[in-house]
Amino acid sequence: MHLLTAEKLSIFRGERLVLNGISLKVAAGGMVVLRGANGAGKSTLLRALAGLTPLAAGGLYWDGMPVTDFCAHAARVAWLGHLNAVKPALTAAEHAPMAALAAVGLERFADLPARMLSAGQKQRLALARVVASGRVLWLLDEPTTGLDAASVARFSGLCAAHRAAGGMIVASTHTPLEAADVRELIL
Amino acid sequence: MKSLIARDLKLLVRQGADSAAALVFFLIAGSLFAFAVGPSPAVLAHIAAGVVWVCALLAALLPLDRVFGPDFEDGTLDLTLLSGLPAYEVALAKAAVHWLTTGLPLLVIAPVLAVMLQLPGGEMGLLLASLLPGSMIFSLLGTLAAAVTLGARRASVLMPVITLPLMIPALIFGSSVAGSAHPAAAFYMLGAIFAAALPLAPLGAGLALRAAAE
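Note that the protein sequences, when read in sequence, are chains E and V. In case it helps, the working numbering puts the first sequence at residues 1 to 187. In case it helps, the working numbering puts the second sequence at residues 188 to 401.
Just so you know, these hints were derived from the structure itself, not from any lab. Treat the hints with care, as some may be off.
As the list claims (entries may be wrong) - As a list, the in silico DSSO-like pairs of lysine-lysine whose alpha-carbon atoms are at most 27 Å apart:
1. K8/E with K197/V
2. K25/E with K8/E
3. K122/E with K189/V
Said to hold, decoys possible - Covered stretches of chain E, going by a simulated chain V footprint (3 or more residues, C-beta under 8 Å):
4. 74-83
5. 97-111
6. 162-175
Virtual Cβ for every residue (Gly too), placed ideally from N, Cα, C.
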């Protein structure tokens with residue numbers, strides 16, 4: 001059973017101290033939702049949890065051990081950034097395998113180039129890639145942006161399935177999510 | 188790393204115009220010399236190897252802003268860095284893709300330009316043999332510069348300013364191979380530059396990528 005702990009994180013973006021003294025704990029099967037106004041530092045915190053942004057102070061721990069090897073930590077992380085990293089020239093099937101496409105309801109569009117997809121469908125494609133990654137820690141920045149009600153419900157189902165399998169999720173979102181036992185962190 | 192190279196090659200093949208632009212530039216820039224210095228075979232033969240080298244260098248610079256630029260802008264770079272691959276391997280893969288889509292095609296069409304510039308037939312082999320490590324050096328150092336200028340404003344101005352001084356040693360030794368009575372010495376220097384760039388450029392580029400992704 002895994003455990004991700006962040007203790008008293010302080011993070012600079014350029015010259016500005018964006019986050020100061022943020023602590024967070026996610027156990028296997030757990031989910032933390034980051035809330036806060038635009039610019040409160042939700043994305044920055046997610047980038048720090050992924051190991052992309054260096055910490056000015058505080059510590060990041062995996063199973064109680066300090067995270068020092070970026071590559072080893074990266075191999076645990078499934079990342080969905082605010083940029084969806086969908087390549088217009090590649091087809092949906094080239095972004096994610098068929099099973100994952102079916103999980104987000106995109107199986108009919110598998111052979112279409114991603115440039116033909118709508119904004120919401122591209123977001124679902126990015127979610128399919130997270131599902132397909134098989135990584136234990138999902139870090140999701142605004143995963144529900146552009147999703148319709150049915151897709152949000154489907155996304156909640158995917159999160160529940162991931163957590164039931166022992167996965168952990170940290171997500172920033174403004175939309176209320178229907179999920180059991182979610183801890184909120186207000187930034 | 189192989190899948191990263193394969194994906195990038197697939198992307199570039201589907202957007203073929205980007206890579207073709209460098210080749211067209213290479214041929215046009217090279218043939219302009221024949222118009223400017225006159226059609227005298229003696230003069231052309233004398234400058235041919237140098238012209239081919241300079242044009243290959245400039246053509247290799249053209250697609251550099253596409254090496255990391257699109258990935259940086261659409262968030263793919265974050266995903267690549269989080270793929271579990273060390274950053275220097277990502278940079279090495281990008282350099283390999285740059286060479287396969289720019290350096291290798293340049294090598295293939297370089298003889299056309301060389302013949303047009305009246306390069307003596309006996310020197311063709313030497314020219315191509317020097318361009319092989321030369322184009323690899325261009326790709327490695329170019330990738331380094333592309334990574335360092337990533338996210339900077341006016342990156343397209345900054346990039347040649349950083350790259351060209353690094354590439355000048357390779358240009359000096361490489362262009363002197365064809366036509367030299369003793370090409371071995373210049374070859375050794377080219378080899379030394381390549382041997383230094385192969386580990387160091389991806390290492391530097393990897394560090395720059397991590398910094399750009401902060």
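Each hint, compared with the structure:
| no. | hint | result |
| --- | --- | --- |
| 1 | K8/E with K197/V | violated, 44 Å |
| 2 | K25/E with K8/E | holds, 11 Å |
| 3 | K122/E with K189/V | holds, 25 Å |
| 4 | 74-83 | holds (count 7) |
| 5 | 97-111 | violated (count 0) |
| 6 | 162-175 | violated (count 0) |
Hint check: violations occur at hints 1, 5 and 6; the rest are consistent with the structure.
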